[in-house]
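There are 2 protein chains.
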Amino acid sequence: MATIADWRTLAASKRESLAAKIPAEWRLPASIVSQINQSSNLCVLDIPKTCGILTEHELELTEKYDATALVDMIIKKETTSHEVTMAFCKRAAIAQQVTNCCTEIMFDEALKRAKECDSYLATNGVPMGPVHGLPISLKDSFNVKGTQTTIGYVSFITHPPAAQNSNLVEILFKQGAVFYVKTNLPQTMMAADSDNNVFGRTLNPNKLSLTAGGSTGGEAALLRMRGSVLGVGTDIAGSIRIPALCNGILGFKPTSGRIPFGGKVPPGRLGSPSSIIPVIGPEGHSIRDMELFMKTVIDTEPWDVDEGTLAVPWRNVSPISRPLRFGLIRADPKFPLHPSMQRTIQTAVAALETAGYSIIPIDDEIPSIYTTAVLAWKFFLLDPKKTPVEHINASGEPWVPSIASCSFPELADWQPSLDELFDMNVQRRKILKVYHDLVVKSQLDAILMPAYQATAVPHDTYGVPIYTILPNLLDFPAATIPFLKASKDLDKDFIQNGVTYVPTYDAEAVEGAPCAIQLVGKPMKDEELIRIMELVAATLNSLP
Amino acid sequence: MATIADWRTLAASKRESLAAKIPAEWRLPASIVSQINQSSNLCVLDIPKTCGILTEHELELTEKYDATALVDMIIKKETTSHEVTMAFCKRAAIAQQVTNCCTEIMFDEALKRAKECDSYLATNGVPMGPVHGLPISLKDSFNVKGTQTTIGYVSFITHPPAAQNSNLVEILFKQGAVFYVKTNLPQTMMAADSDNNVFGRTLNPNKLSLTAGGSTGGEAALLRMRGSVLGVGTDIAGSIRIPALCNGILGFKPTSGRIPFGGKVPPGRLGSPSSIIPVIGPEGHSIRDMELFMKTVIDTEPWDVDEGTLAVPWRNVSPISRPLRFGLIRADPKFPLHPSMQRTIQTAVAALETAGYSIIPIDDEIPSIYTTAVLAWKFFLLDPKKTPVEHINASGEPWVPSIASCSFPELADWQPSLDELFDMNVQRRKILKVYHDLVVKSQLDAILMPAYQATAVPHDTYGVPIYTILPNLLDFPAATIPFLKASKDLDKDFIQNGVTYVPTYDAEAVEGAPCAIQLVGKPMKDEELIRIMELVAATLNSLP
Numbered sequence: 001m002a003t004i005a006d007w008r009t010l011a012a013s014k015r016e017s018l019a020a021k022i023p024a025e026w027r028l029p030a031s032i033v034s035q036i037n038q039s040s041n042l043c044v045l046d047i048p049k050t051c052g053i054l055t056e057h058e059l060e061l062t063e064k065y066d067a068t069a070l071v072d073m074i075i076k077k078e079t080t081s082h083e084v085t086m087a088f089c090k091r092a093a094i095a096q097q098v099t100n101c102c103t104e105i106m107f108d109e110a111l112k113r114a115k116e117c118d119s120y121l122a123t124n125g126v127p128m129g130p131v132h133g134l135p136i137s138l139k140d141s142f143n144v145k146g147t148q149t150t151i152g153y154v155s156f157i158t159h160p161p162a163a164q165n166s167n168l169v170e171i172l173f174k175q176g177a178v179f180y181v182k183t184n185l186p187q188t189m190m191a192a193d194s195d196n197n198v199f200g201r202t203l204n205p206n207k208l209s210l211t212a213g214g215s216t217g218g219e220a221a222l223l224r225m226r227g228s229v230l231g232v233g234t235d236i237a238g239s240i241r242i243p244a245l246c247n248g249i250l251g252f253k254p255t256s257g258r259i260p261f262g263g264k265v266p267p268g269r270l271g272s273p274s275s276i277i278p279v280i281g282p283e284g285h286s287i288r289d290m291e292l293f294m295k296t297v298i299d300t301e302p303w304d305v306d307e308g309t310l311a312v313p314w315r316n317v318s319p320i321s322r323p324l325r326f327g328l329i330r331a332d333p334k335f336p337l338h339p340s341m342q343r344t345i346q347t348a349v350a351a352l353e354t355a356g357y358s359i360i361p362i363d364d365e366i367p368s369i370y371t372t373a374v375l376a377w378k379f380f381l382l383d384p385k386k387t388p389v390e391h392i393n394a395s396g397e398p399w400v401p402s403i404a405s406c407s408f409p410e411l412a413d414w415q416p417s418l419d420e421l422f423d424m425n426v427q428r429r430k431i432l433k434v435y436h437d438l439v440v441k442s443q444l445d446a447i448l449m450p451a452y453q454a455t456a457v458p459h460d461t462y463g464v465p466i467y468t469i470l471p472n473l474l475d476f477p478a479a480t481i482p483f484l485k486a487s488k489d490l491d492k493d494f495i496q497n498g499v500t501y502v503p504t505y506d507a508e509a510v511e512g513a514p515c516a517i518q519l520v521g522k523p524m525k526d527e528e529l530i531r532i533m534e535l536v537a538a539t540l541n542s543l544p
Numbered sequence: 001m002a003t004i005a006d007w008r009t010l011a012a013s014k015r016e017s018l019a020a021k022i023p024a025e026w027r028l029p030a031s032i033v034s035q036i037n038q039s040s041n042l043c044v045l046d047i048p049k050t051c052g053i054l055t056e057h058e059l060e061l062t063e064k065y066d067a068t069a070l071v072d073m074i075i076k077k078e079t080t081s082h083e084v085t086m087a088f089c090k091r092a093a094i095a096q097q098v099t100n101c102c103t104e105i106m107f108d109e110a111l112k113r114a115k116e117c118d119s120y121l122a123t124n125g126v127p128m129g130p131v132h133g134l135p136i137s138l139k140d141s142f143n144v145k146g147t148q149t150t151i152g153y154v155s156f157i158t159h160p161p162a163a164q165n166s167n168l169v170e171i172l173f174k175q176g177a178v179f180y181v182k183t184n185l186p187q188t189m190m191a192a193d194s195d196n197n198v199f200g201r202t203l204n205p206n207k208l209s210l211t212a213g214g215s216t217g218g219e220a221a222l223l224r225m226r227g228s229v230l231g232v233g234t235d236i237a238g239s240i241r242i243p244a245l246c247n248g249i250l251g252f253k254p255t256s257g258r259i260p261f262g263g264k265v266p267p268g269r270l271g272s273p274s275s276i277i278p279v280i281g282p283e284g285h286s287i288r289d290m291e292l293f294m295k296t297v298i299d300t301e302p303w304d305v306d307e308g309t310l311a312v313p314w315r316n317v318s319p320i321s322r323p324l325r326f327g328l329i330r331a332d333p334k335f336p337l338h339p340s341m342q343r344t345i346q347t348a349v350a351a352l353e354t355a356g357y358s359i360i361p362i363d364d365e366i367p368s369i370y371t372t373a374v375l376a377w378k379f380f381l382l383d384p385k386k387t388p389v390e391h392i393n394a395s396g397e398p399w400v401p402s403i404a405s406c407s408f409p410e411l412a413d414w415q416p417s418l419d420e421l422f423d424m425n426v427q428r429r430k431i432l433k434v435y436h437d438l439v440v441k442s443q444l445d446a447i448l449m450p451a452y453q454a455t456a457v458p459h460d461t462y463g464v465p466i467y468t469i470l471p472n473l474l475d476f477p478a479a480t481i482p483f484l485k486a487s488k489d490l491d492k493d494f495i496q497n498g499v500t501y502v503p504t505y506d507a508e509a510v511e512g513a514p515c516a517i518q519l520v521g522k523p524m525k526d527e528e529l530i531r532i533m534e535l536v537a538a539t540l541n542s543l544p
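Protein chains in written order, with the UniProt record's numbering: chain U, 1 to 544; chain W, 1 to 544.
Mixed in with the good hints, there may be bad ones.
Just so you know, same-sequence chains aren't split out, so a pair can sit in one copy or run between any two.
As the list claims (entries may be wrong) - Below, computed lysine-lysine pairings styled on DSSO-like, alpha-carbon distance capped at 27 Å:
| # | residue 1 | residue 2 |
| --- | --- | --- |
| 1 | Lys441 | Lys115 |
| 2 | Lys49 | Lys14 |
| 3 | Lys430 | Lys64 |
| 4 | Lys430 | Lys174 |
| 5 | Lys174 | Lys488 |
| 6 | Lys295 | Lys433 |
| 7 | Lys386 | Lys115 |
| 8 | Lys385 | Lys64 |
| 9 | Lys76 | Lys174 |
| 10 | Lys485 | Lys76 |
| 11 | Lys385 | Lys488 |
What the hints contain is simulated information worked out from the structure, not anything from laboratory work.
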């Protein structure tokens, strides 16, 4: 067992080697860096534009286009992969200095790879694939050959670099992707603050004093800084959607089994008999980029690479022209919506109704969302060996504060058993049947619901993600779409009397934080959910 | 707790009420019935033809056509559902008297329903669906509204009749199916002899002294008697394919999640966290009938009815014209192939090679099939409550003999634990990866292997089904195709020296028993497996 002194030294050395990968000419001046801290209310979104490190053209490349457009421009030779990659490397370096979003920096490898992509196109006249030359950022838990995967455990710092790419990474690589950074996540990945003892905490670029969310929080902060145009995360309880909400970007959690999950580094023990299956999904800026990711991966027939992937092709679904029908979940009484989220949902509902869509409230027809979340959480605690604890204890590092706040008091002394697991599965199936039958009976295209009771909140106060975990328990695809922002002036009319907001509602603290809605689709109908997202985003006019 | 006297009386009353549902004019004479016993070597396949109960036309309807043809004839009004149903009711009544294959008889309801189908067609000019007017037989574990589901537990005899159809039954009903019998299965469904204390033992119509297999054994015996043209079974370790092999019919086990499984009566506890998922599939006489079943069910979008069904459409796959590539598993050393099965596999391989197909032996590249089967079996023993034992003990009935022979000595004292379940899942995943990678690397279209080391064997000697359980563990679709028959003359050249046959090879006892090959397809490629079955059956000329 390492001593505490050991782990601090180990973690510091890892951070130093990360910092050393940012070239001197991309370093921000002390005047900016000195302002960066987790108590600051600073918004750092403008720093890439004002710091002078990126050229005008690089600013344009990183800000003006989505991934689909950039690939198109690279293939048409209106730009090059090298130029695009250089721009995103620079911008990621800036994002890292102001939000602490990265865990691994691979700028040199990426620029070399980008040149290879450009040469390939020049030589062959055709692109490598649908993400030809595109820089794609990855959550740290993905293996990239030759790069470490510590996933924020100090005890993993001594691990050698990955010998193999994760299955998804290999697939994207063959389709032309350029990997240039991996991004930060919470200790154990089971918290909503991307904070760990190796890399420290990722800050929210909209307001540094707010959480960036988790577990794919580094990714979302990077994307919000436009230090990435397309990022890849994972989601078992909201890990794609929580940071997407907190930062103000798009997050898409597919049905399980559609995107190859094999070959990643898990935070816990392999072989869990949990009925909740972790999934990989994209975070980004445009809905067509969500489809670009899904279609690119699934069109490669990834089931030939990954034995856990369903051999089900991506279907090209036409735009939907009939009036959509949405089930509406307003709130769980235990976690009433903060005024900003209340206004967001009500505004969205009003806009969708005005557009001729049907909204069918279903709060009274579903079991308690809170109780459902408690059941779901049990599935994450099944390992009698408590492997994440072993990983923590192996270095002597302490627990980060958010782990304590992200837990259910009901489960403080809960011990898993095989016998109860049978009952848990029966309970899960009953809940699934309620939602399934509701969707069929009411002919719902999707369910509209909050992704969280609030916006991004101050660090370590997020608590349990009962609104995002629901689609994981059901294995329904789900997405968050940014919509509106917290505004104490507009929100004050939405304060409910006689309710207890958890966490505390502090209008000043969250002022300006992005809000979002969550859309939950039908299982295996990921394709349709993307079409629905397009219609909703257009109706709400919620994307740039 | 009931006394032993109670359970005998209860079971006898159930059998009597079943027997009473066979009209007097469909009863076989004592001269035939007196010959029926489980020690007899009698083949009873000709009795429907010779007993005089069916008209010539009824014999033709039951013998000459497959389900696809019968539906076509009904829709074209070349016959009626009532006429077809009457013929199969009569023939099922005969089958029941010589093989004891039925558990529930619904002749009156079926003939009434058949008339409704005929009226519907006459009135509407269109059929109800792709199985319009077709009699379909069901394994006892399916619920048919108004009929009991005892699944061979004495303690279930006091249960009321089913209040609802199983999801699959409801779907088939809406597509025009006529249900007229349910069929026998083993106590607990976890044995290869369809024997229980409620209904007794189903005999093999090819030779009464041989097992009819299990757990869908009543179904297969009924089909072999042509007392059914299309039957529905379930399979978790071979329960469709074992009886299909033993009786000489086709059996098809799809990938899990494709056919709705909800609303059946389970032999054990619901909510199992097992990685082996039970599936429903067809048994029958033609490969196009296997597709008729699969396509009919999946075209209804059964995921709207059943929350456990994958929303994945049935794909219409064109016939394959390129030369197929088969992986070949010859045998596990612990269960060497009996001479008849050895000859069957070798003959099939030779014929397929002659037809220009590639055969790639893979025995040396896979983990022990026996060890794999032991792992698989553990997944069936996960319930700490041992619910099947509770169901048995509730009536005081004893265990049937085959339960003892269908067990692994390694697991005699094995107790499940949540901790080991994690390791079991890791082991399963490793095995899955070996097969997955082999199939991809060697570009295999399917794996050809025995379904069992022998043909049907004498009652209670079948033992553990290591060759059929493999595709269940992998969740690969699999099918058995009848091919050749045991022949002591032809088989004697295939006797291997120095091996121990388990069970004992008794050439005389199995003389004339049907043989079969097993084809294992790729997961979710059920459609392609059917195309492959067609090519193999045509090459082997193995179907009538």
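Verification of the hints:
Proximity of Lys441 and Lys115 under a CA criterion of 27 Å is satisfied in neither setting, with 54 Å inside one chain copy and 31 Å between copies. Taking CA atoms no more than 27 Å apart as the test, Lys49 paired with Lys14 passes in neither setting, with 29 Å inside one copy and 83 Å between copies. Taking the shortest alpha-carbon separations for Lys430 and Lys64, neither the intra-copy value of 47 Å nor the inter-copy value of 46 Å comes in at or below 27 Å. When the C-alpha separation of Lys430 and Lys174 is checked against a cutoff of 27 Å, the pair qualifies only between copies, where the shortest distance is 25 Å, while the shortest distance within a copy is 42 Å.
Taking the shortest Cα distances, Lys174 and Lys488 never come within 27 Å of each other, neither inside one copy (48 Å) nor across copies (57 Å). For the identical chains of this complex, Lys295 and Lys433 are inter-copy neighbours only, at 24 Å across copies versus 29 Å inside a copy, given an alpha-carbon limit of 27 Å. In this assembly of identical chains, the alpha carbons of Lys386 and Lys115 never lie at most 27 Å apart, being 45 Å within a copy and 62 Å across copies at closest. In this assembly of identical chains, the alpha carbons of Lys385 and Lys64 never lie at most 27 Å apart, being 49 Å within a copy and 61 Å across copies at closest.
Within a single copy, Lys76 and Lys174 get their C-alpha atoms as close as 19 Å, which meets the 27 Å cut-off; across copies the closest is 54 Å, which misses it. With identical chains, the CA atoms of Lys485 and Lys76 are never at most 27 Å apart, being 37 Å at best within one copy and 65 Å at best between copies. Taking CA atoms no more than 27 Å apart as the test, Lys385 paired with Lys488 passes in neither setting, with 47 Å inside one copy and 56 Å between copies.
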